[in-house]
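Please construct the entire structure, taking both the sequences and the accompanying hints into account.
Under the working numbering, the first residue of the sequence shown carries the number 390, and numbering increases by one thereafter.
Since the hints were derived computationally from the structure, they do not count as laboratory data. One thing to keep in mind: the hints can contain errors.
The calculated label-pair distances, taken between Cβ atoms and stated as ranges, are [claimed, not checked]:
id: 1; residue 1: Lys560; residue 2: Ala598; range: 16 to 22 Å
id: 2; residue 1: Glu566; residue 2: Cys660; range: 22 to 28 Å
id: 3; residue 1: Ile713; residue 2: Leu497; range: 37 to 43 Å
id: 4; residue 1: Ala598; residue 2: Gln695; range: 22 to 28 Å
id: 5; residue 1: Val601; residue 2: Glu501; range: 28 to 34 Å
id: 6; residue 1: Lys560; residue 2: Val601; range: 21 to 27 Å
id: 7; residue 1: Glu501; residue 2: Gly579; range: 19 to 25 Å
id: 8; residue 1: Asp637; residue 2: Gln440; range: 36 to 42 Å
id: 9; residue 1: His575; residue 2: Val669; range: 34 to 40 Å
Quick caveat, the model's predicted, so the values are computed rather than measured. Using N, Cα and C, we set each Cβ at its ideal position, and we do this for glycine too.
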Amino acid sequence: MWQTIGQSKVLALLEHSLKVGNLAHAYLLVGPPHVGKTTLATDLAQVLNCQGAEPPCGECQACRRILDGKHADVIVIGLNSAKGLKEVKPQVEISIEDIRGLQRSASLPPYEGKYKVFIIDGAEYLSSEAANCLLKTLEEPPPRAIVLLLTAEETWLLPTVISRCQRVELKPMPSGEVESVLVKSHGIDGDKARLLARLSQGCLGWAIAASVDDSYLQQRTRRLSELSSLPNAGWEERFVYAAQFGSDRKPAEEVIKLWLAWWRDVMLTKCGCRQAITNVDYALALEEWGQTLTLPEVKYFIHSLQKSLGQISRNANLRLVFEILMLDMPRKEGKIRA
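Below, the structure written as structure tokens:
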């Protein structure tokens with residue numbers, strides 16, 4: 390049974406390809422973080438190696454080993470995918486050595502299953518050398534091997550890599566469907582399920598993870614607290630904040646997306662559309678922000694945030710991106726709470 394939820398069109402496409410024996414040698418799974426790309430990749434790996442009558446059965450030895458990350462023919466490559474007892478330096482990109490290892494493995498037949506499945510998690514972090522090295526495998530695919538590239542930022546990939554994969558887009562689920570899954574399948578109470586569904590922005594994986602791991606909401610609270618102090622902070626304090634962002638794009642992007650959701654909520658509140666806000670647990674604070682800031686100021690900064698995401702996708706200097714945001718952020722005297 391497929392574990393992927395809320396992607397009926399995608400599953401129908403893949404099931405048809407399996408039925409007629411027309412699977413691509415490489416798939417590009419595109420969608421925001423936690424939308425279900427990893428779950429779908431795991432489902433595909435199980436389908437291709439399942440020993441049951443109706444794959445993926447989820448019960449046979451192959452399906453269980455894949456789910457546990459122990460199957461010899463299902464190989465995951467990503468940031469910090471190296472395993473072992475020694476500590477490894479955090480990676481900021483997937484290296485050419487990782488892809489050369491993939492190629493060596495792909496040149497050999499499957500060891501315990503029917504297919505070798507290579508899952509490149511976070512394909513947007515492929516270095517330019519790694520991406521060009523991967524092209525050889527995509528252009529001359531080995532038999533009984535499939536490559537699954539997972540990305541939340543398709544624009545970061547080389548066009549030549551994209552063109553050699555079959556693109557599969559996973560779209561966020563409606564908030565109501567996420568809430569329903571949380572209540573019915575995970576036993577989350579209604580108010581918390583509603584909040585998590587809104588915050589997930591349709592990404593069920595995030596909502597499920599946040600329901601069992603308090604650190605998700607704690608991190609959000611901390612980041613919103615930092616944000617609340619910035620509009621009435623001096624320039625020195627703003628630039629000290631910007632200086633913390635170095636070369637790691639992922640947390641920088643997460644912060645900007647959180648800010649974008651917040652400032653969008655401020656705009657919606659000012660326009661009388663409170664029922665559409667994401668941060669429903671901060672409704673009163675959003676009212677205060679709406680009374681303190683003008684609509685042109687809010688719209689201008691939303692535009693700045695959107696522009697900064699594009700700059701990050703083009704590998705701009707992160708500290709400079711945040712320094713510009715500090716200059717663009719509306720500056721107000723008095724207390725602005727979050």
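Outcome of the hint check:
1. In this structure, Lys560 and Ala598 meet the distance hint of 16 to 22 Å, their C-beta atoms being roughly 19 Å apart.
2. Between Glu566 and Cys660 the Cβ separation comes to about 26 Å, which falls inside the hinted range of 22 to 28 Å.
3. Hint check: Ile713 to Leu497, Cβ distance near 49 Å, so the stated range 37 to 43 Å is violated.
4. Here the CB-CB span from Ala598 to Gln695 is close to 26 Å, well matched to the stated 22 to 28 Å.
5. Restraint check, Val601 to Glu501: a C-beta distance of roughly 32 Å satisfies the suggested window 28 to 34 Å.
6. Against the hinted window of 21 to 27 Å, the Cβ-Cβ separation of Lys560 and Val601 comes to about 24 Å, which satisfies the hint.
7. Judged by the Cβ atoms, the range 19 to 25 Å given for Glu501 and Gly579 is violated: they are separated by roughly 45 Å.
8. Asp637 and Gln440 have their C-beta atoms about 41 Å apart, which keeps the hinted 36 to 42 Å range intact.
9. Evaluation of the 34 to 40 Å hint for His575 and Val669 yields a failure: the beta carbon distance comes to about 19 Å.
In this structure, the hints that do not hold are numbers 3, 7, 9, in rising order.
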